[in-house]
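Peer 1: The chain contents come next:
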Amino acid sequence: MKGDHLGELEELILLTVGSLHPHAYAPAIKDELVEKMNRKVVLSSIHTVLNRLESKHFVKSDFGESTPERGGKRKRYFEITPEGFKSLQELKLKRDALWNNLLTLVPSYK
Amino acid sequence: MYQPPRLASKILSRVISKELYEEISGDMEEEYNKDIQSKGRVRAQVLYLIEVFRYIQMYKGGRKYQSTNSLSMLQNYIKVAFRNLLKHKAYSIINISGLGVGLACVFIIFLFIRIETSYDKFHENGKDIYRLQHRYGFINAVAATAYERDYSEVKKSMRVHPWKKDLRITLENEDVYFEDLLMADSNFFSFFSFPLIHGDVKTSLTNKNSVAISRSFASKFFGAEDVIGEVLRIEGVMAATELPFKVSAVFEDVPYNSHLQFDMVVPFELLYDDPAINILDLWPNDWIGNYVQLEPAADPEVLEEEYLTMWQKYWDPERDTVIMDFMPLEDLYLEGYDLRSDYARHGNANQVLIFSAIAVIILLIACINFMNLATARASKRAKEVGVRKVMGAFRKQLIIQFFAESTIMTIIALVLSILILIICIPAISQMAEIDLMSGLQNIGPVLLSAFFLLVITILITGSYPALFLSSFQPVSVLSGKETKGGKGFVRRILVVFQFTISISLIIGALVVYYQMLFVKQKDLGFEPENVVVMRFGNAMALQQKWHRVKSRLESIPGVNSVMASRQVPGDNAFYWGYKFEGFTDYEDPTGDAWLGYYVGYNTLDALNVEMVMGRTFSEEISTDSTAFILNESGWKRAIQLYGEGWENPIGKTIEYYTTHSGDWAMDKKGVVIGVAKDFHHHSLQRPIDPLVIHNVNSQYLMVKVQPEKTSEVLTQVQNLWQEWNVPAAFNYEFLDEKFNASYKAEDRFNQFILIFCFLAIGIACLGLYGLSSFVAEQRVKEIGIRKVLGASEQKIVGMLSSEFLKLVGVAILIATPIAFLLMTRWLENFAFRIDLSWYYFVIGSIAAVIIAVLTVSYHSIRAATSNPVKSLRTE
Numbered sequence: 085m086k087g088d089h090l091g092e093l094e095e096l097i098l099l100t101v102g103s104l105h106p107h108a109y110a111p112a113i114k115d116e117l118v119e120k121m122n123r124k125v126v127l128s129s130i131h132t133v134l135n136r137l138e139s140k141h142f143v144k145s146d147f148g149e150s151t152p153e154r155g156g157k158r159k160r161y162f163e164i165t166p167e168g169f170k171s172l173q174e175l176k177l178k179r180d181a182l183w184n185n186l187l188t189l190v191p192s193y194k
Numbered sequence: 011m012y013q014p015p016r017l018a019s020k021i022l023s024r025v026i027s028k029e030l031y032e033e034i035s036g037d038m039e040e041e042y043n044k045d046i047q048s049k050g051r052v053r054a055q056v057l058y059l060i061e062v063f064r065y066i067q068m069y070k071g072g073r074k075y076q077s078t079n080s081l082s083m084l085q086n087y088i089k090v091a092f093r094n095l096l097k098h099k100a101y102s103i104i105n106i107s108g109l110g111v112g113l114a115c116v117f118i119i120f121l122f123i124r125i126e127t128s129y130d131k132f133h134e135n136g137k138d139i140y141r142l143q144h145r146y147g148f149i150n151a152v153a154a155t156a157y158e159r160d161y162s163e164v165k166k167s168m169r170v171h172p173w174k175k176d177l178r179i180t181l182e183n184e185d186v187y188f189e190d191l192l193m194a195d196s197n198f199f200s201f202f203s204f205p206l207i208h209g210d211v212k213t214s215l216t217n218k219n220s221v222a223i224s225r226s227f228a229s230k231f232f233g234a235e236d237v238i239g240e241v242l243r244i245e246g247v248m249a250a251t252e253l254p255f256k257v258s259a260v261f262e263d264v265p266y267n268s269h270l271q272f273d274m275v276v277p278f279e280l281l282y283d284d285p286a287i288n289i290l291d292l293w294p295n296d297w298i299g300n301y302v303q304l305e306p307a308a309d310p311e312v313l314e315e316e317y318l319t320m321w322q323k324y325w326d327p328e329r330d331t332v333i334m335d336f337m338p339l340e341d342l343y344l345e346g347y348d349l350r351s352d353y354a355r356h357g358n359a360n361q362v363l364i365f366s367a368i369a370v371i372i373l374l375i376a377c378i379n380f381m382n383l384a385t386a387r388a389s390k391r392a393k394e395v396g397v398r399k400v401m402g403a404f405r406k407q408l409i410i411q412f413f414a415e416s417t418i419m420t421i422i423a424l425v426l427s428i429l430i431l432i433i434c435i436p437a438i439s440q441m442a443e444i445d446l447m448s449g450l451q452n453i454g455p456v457l458l459s460a461f462f463l464l465v466i467t468i469l470i471t472g473s474y475p476a477l478f479l480s481s482f483q484p485v486s487v488l489s490g491k492e493t494k495g496g497k498g499f500v501r502r503i504l505v506v507f508q509f510t511i512s513i514s515l516i517i518g519a520l521v522v523y524y525q526m527l528f529v530k531q532k533d534l535g536f537e538p539e540n541v542v543v544m545r546f547g548n549a550m551a552l553q554q555k556w557h558r559v560k561s562r563l564e565s566i567p568g569v570n571s572v573m574a575s576r577q578v579p580g581d582n583a584f585y586w587g588y589k590f591e592g593f594t595d596y597e598d599p600t601g602d603a604w605l606g607y608y609v610g611y612n613t614l615d616a617l618n619v620e621m622v623m624g625r626t627f628s629e630e631i632s633t634d635s636t637a638f639i640l641n642e643s644g645w646k647r648a649i650q651l652y653g654e655g656w657e658n659p660i661g662k663t664i665e666y667y668t669t670h671s672g673d674w675a676m677d678k679k680g681v682v683i684g685v686a687k688d689f690h691h692h693s694l695q696r697p698i699d700p701l702v703i704h705n706v707n708s709q710y711l712m713v714k715v716q717p718e719k720t721s722e723v724l725t726q727v728q729n730l731w732q733e734w735n736v737p738a739a740f741n742y743e744f745l746d747e748k749f750n751a752s753y754k755a756e757d758r759f760n761q762f763i764l765i766f767c768f769l770a771i772g773i774a775c776l777g778l779y780g781l782s783s784f785v786a787e788q789r790v791k792e793i794g795i796r797k798v799l800g801a802s803e804q805k806i807v808g809m810l811s812s813e814f815l816k817l818v819g820v821a822i823l824i825a826t827p828i829a830f831l832l833m834t835r836w837l838e839n840f841a842f843r844i845d846l847s848w849y850y851f852v853i854g855s856i857a858a859v860i861i862a863v864l865t866v867s868y869h870s871i872r873a874a875t876s877n878p879v880k881s882l883r884t885e
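These protein sequences, in sequence, are chains H and U.
Going by my numbering, the letters in the first sequence line up with residues 85 to 194, in that order.
Going by my numbering, the letters in the second sequence line up with residues 11 to 885, in that order.
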C-alpha cells in the first residue's frame with residue numbers, strides 16, 4: 085500500500101531523525117543532511133516530509149522547551165517510532181539482499 | 011537576534027494553520043538568524059521570503075490543483091468568448107457599437123466637463139482668493155482695499171480695471187497696433203500665479219510707466235522674448251493722451267482656463283493720476299474688479315456682512331442694505347454666469363450638470379443593452395453553463411468566464427470608441443469652439459479616469475449576466491426545462507427603464523428644438539439685418555466728426571442710412587440714477603434700478619423700432635440732445651411707480667444722475683419725447699428691461715447697407731478710415747451676427763444636447779432591435795405551432811409586438827411626468843419661452859411607439875412569415 089512505502093527523501097529524513105535522537109527537529113535535520121549527505125533540502129520540504137511521516141506513524145513529535153533564539157517559540161522534536169524503525173530496517177534488508185546479488189553477479193567492479 | 015521581515019511573517023501566520031505555526035515559524039526564524047550570519051542580511055531576507063512562498067504554495071492546499079489549471083482555463087474562456095462573438099455577429103456588432111459610441115460620447119462629455127471645471131485652478135493661493143461682487147462682477151474701486159485695511163482676516167487685496175479696450179499702441183519703429191489692456195495693482199503677479207518669464211514678480215508693476223506683456227505679444231511687437239526695457243507708447247490709458255511705457259516683465263501667455271484674459275498689464279496706480287477720473291473713492295460706483303485673499307480660517311460670510319458696516323462708516327451712515335458676495339475664485343467661472351454684467355469669462359454650471367447627466371444616461375443605456383442582450387441569450391448559453399457545471403466548474407469560475415467575455419467586449423468597444431474619438435474630436439472641437447484636446451492636458455489623471463470608466467463599465471455590464479447565468483441549476487437546464495421565472499421580469503424592467511429614458515429624451519429634444527426655433531424666429535422689435543457695426547475709437551472722436559462722417563458715408567451708393575450709437579442691441583445697458591418728474595428721489599443704481607440705453611439721433615428709426623407714441627430724436631430740434639425716450643416697459647413702470655400722471659409721459663422731465671463729475675450729481679435734465687415699442691436690447695434669455703433711452707451718438711458707427719452692395723461699401727469705408735485717422739483698427743461686424751453672438755454659446759450647447767439625445771435614442775433602439783430578435787428566436791417553436799394550428803401572420807406579429815408595446819406604454823406613463831418636470835426647469839432659464847403644451851408629450855410618445863414598432867417588427871414579421879416546418883422538425 086502507498087501508505088507504507090517510503091520515498092527516497094522520506095527514508096533519508098527518517099534515518100536522520102533516528103540518528104539525531106532525541107534532538108531531531110527540522111533545522112537540525114536540515115543541517116545534518118548538508119553535513120552528512122551533502123544534500124540541500126529546503127525547510128518547507130522537510131516539514132512536509134515530517135508531517136507525512138507522522139501521518140504514517142513512522143515518527144512521533146513533541147514540543148520541547150522554548151528557547152530565546154527562536155523568538156520564544158518552542159521546537160518540535162521528532163522521534164522515530166518502532167513502526168518507523170521497522171520499515172527502515174525492512175528497506176535496508178531488501179537493499180542488502182539486492183546488494184548481495186549485485187556483488188555476487190558483478191564482482192569485477194568491487 | 012534578528013526579527014524576520016514583518017510582512018512575510020504576517021503572511022506566513024495567515025497561511026499556516028495554528029497548530030503548525032509555532033513550530034514552522036520558530037524553525038524559520040532560527041534558519042533566518044543562521045542565514046544572516048553566514049550569508050548577510052539581504053540574502054537571508056530573500057531566502058526567508060522564498061520560503062514563505064513555498065509554504066503558501068503548500069498550505070493553500072485546497073487551491074493547489076486549481077491554480078495550476080487557471081491559466082489554461084482563462085485561455086479557454088477567452089477562446090470561447092471570441093467564438094461566441096464571431097458566432098453571433100449581429101449581436102456582437104449591436105453590443106459593441108452601442109457600447110463604443112456610448113463610451114466615445116461619455117469621454118467627449120468628460121473632456122468638456124474637465125475643461126469647464128479646470129478654470130482658475132492653477133493659482134497658488136486660489137483656495138483663499140475671492141472676488142467681491144454683487145449684481146455685476148465688479149464693484150467700486152475701494153472695497154477690496156478697505157477690507158484689507160480694516161479686517162485682519164483679509165490677507166491681501168488686488169484690483170483690476172478691465173475696460174481699456176482697443177487702445178492705440180505705437181512702437182518705436184512707428185508700427186501701430188490696437189490692443190486691450192488690463193490695469194492692475196502692483197501686487198498682481200504675486201497675488202495671482204501667472205508665471206513671469208522675465209522680470210520680477212514683486213517690482214514689475216511698481217513703476218508707473220511700466221508695462222508687463224505676454225510672451226506672444228513680446229514676439230508680436232518685438233520679435234523676441236526678452237524685451238525688458240523696450241518702450242511702447244500707449245494712447246488712452248489716461249484720458250486720450252499718449253504715454254510711453256517701458257516693458258518691465260514678460261509673462262507666460264494666460265492659459266485658456268483663466269476667467270481673466272489679458273496680454274498687457276499696466277499699473278492701476280495710473281488711474282490716480284488721471285484728471286478725468288475722480289470717482290475712485292466713490293462707493294456707489296461699480297466698475298472695478300476687486301479680489302481679496304483671506305486667511306485660510308476666515309469665514310467669507312462674516313466678511314460679507316461687514317460690508318454694510320464699512321459702507322455706513324465710509325459713505326452713507328443712513329444706508330441699511332447692501333449686497334456683497336464673496337465669490338470663490340475657483341467657482342467664479344461656472345457659478346457667476348447669471349451676473350448682469352461681467353468682464354470675466356463664464357461657463358455655465360447648469361450646462362456641466364446637464365452634460366454629466368447625459369453622459370451617465372448614455373453609458374447606462376449602453377450597459378442596459380448589454381445586460382438585456384446577454385440575458386436574452388441566456389437560454390442559448392444555458393446548456394453550455396449546464397455542461398460546464400457538470401464537468402465540475404464552480405460558480406466562481408463561471409462568473410469569471412462571463413466577466414472575461416464582457417471584458418473582451420468592452421475592450422473592443424473601447425478600441426472602437428478611441429477610433430471614433432480620433433475622428434470626431436477635431437470636428438467637435440471646431441463645432442463647439444472649445445479645444446477639446448486641451449482637456450487632455452496632464453494625461454495621467456485622464457487615462458486613470460478612462461481606465462476607471464472602463465472598469466465600471468465592465469462591472470456594470472458584466473455583473474448581471476455573470477451572476478444570472480452562473481446561477482443555473484445544471485439538472486433543470488440540461489433536462490430541457492426552460493429557465494424562466496425571474497429573468498424575464500428583470501429584463502422587462504430594464505426595457506421599461508431604457509424606454510423611459512428614451513422617451514424623456516425625445517420629449518426633451520423636441521422642447522429644446524422648438525425653444526431654439528422660437529428664439530431664432532422671435533420678432534426682436536428691431537431689424538438687425540444688413541447693418542454693419544464698426545467701433546469708432548474713443549467716444550469723443552465720433553461725436554466731433556459725426557456730421558462729416560455721416561454726409562460722406564451717405565454719399566456712397568448702397569448706403570441706406572448712417573447711425574452713431576453708444577450702444578448697439580446686445581450690449582449691456584448702464585445703471586445710473588433717474589429722478590422722474592413728481593418724484594423727489596433718484597432710483598439708486600445699486601438697487602433694482604432703471605437702465606439707461608444710449609443711442610444716437612436716428613438709430614431707432616434706422617433700425618425700424620416702432621413708436622407707441624411721440625417721436626424719435628431729431629437733429630433739427632436742439633433740445634433733443636438732452637431728451638429722453640422710454641420703452642414700453644419703462645413707460646408702464648413709470649406709471650406704476652410715479653402715478654397716473656405718467657399715463658401721458660410726453661413732455662414730462664427726467665433728471666439723470668451719475669458720478670461723472672466726481673460725486674452724485676445731476677448729469678442732465680430733459681423731457682420725454684416719445685415711447686418706443688419694446689425691443690430686445692439684449693439677449694433673449696433675459697426679459698426686456700424698463701429703459702430710459704438717451705441720445706448719445708458715440709463709439710459705434712452703424713451703416714445700413716443694401717445687401718447686394720455690402721462688399722463695395724465696406725471697401726470704401728475702409729479707405730475712409732485712413733482718411734479720417736480713426737483711433738481704432740478697422741473692424742466690422744454685422745448687427746444680426748453680433749446680436750446672435752450673445753446667445754450663440756447657448757445655442758451651440760443646445761445643439762449638442764440634441765445630438766447626444768439622438769445618439770442615446772439610437773443606442774437604445776439598437777438594444778431593442780437585438781432584444782426583439784432574441785425573443786422572436788426563443789419563441790420560434792411556439793410561433794411554428796401557432797401557425798400550424800392556424801394563426802394568421804398578422805396575429806403573430808401583433809402578439810410579438812404587443813409585448814414590447816406594453817412595456818413602451820408603461821415607460822410613457824413614467825416618462826411623461828419626469829420630462830415635464832425637467833423641461834419646466836430647463837425652460838425657466840429663458841425669459842422668452844414656449845409653453846410646455848401637451849403635444850410635445852404626445853409626439854414624443856408616438857415617436858417612441860413608432861420607433862419600438864419599427865425596430866421590433868422586422869423580427870416579428872420574419873418570425874411570422876417563416877415556414878413552421880423548419881422550426882418544428884428538429885425536435
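Hints were generated in silico from the structure; no laboratory data involved.
Note that CB positions come from ideal geometry on N, CA and C, so glycine has one too.
It cannot be assumed that every hint is accurate.
To be verified - Cβ pair distances, simulated, as ranges:
1. 84/U to 103/H: 45 to 51 Å
2. 103/H to 400/U: 48 to 54 Å
3. 103/U to 91/H: 57 to 63 Å
4. 477/U to 103/H: 28 to 34 Å
5. 91/H to 401/U: 45 to 51 Å
6. 91/H to 82/U: 44 to 50 Å
Peer 1: For each hint given before, does the structure comply? Return the numbers of the non-compliant ones in rising order.
Peer 2: When the structure is compared with the hints, numbers 4, 5, 6 turn out to be violated.
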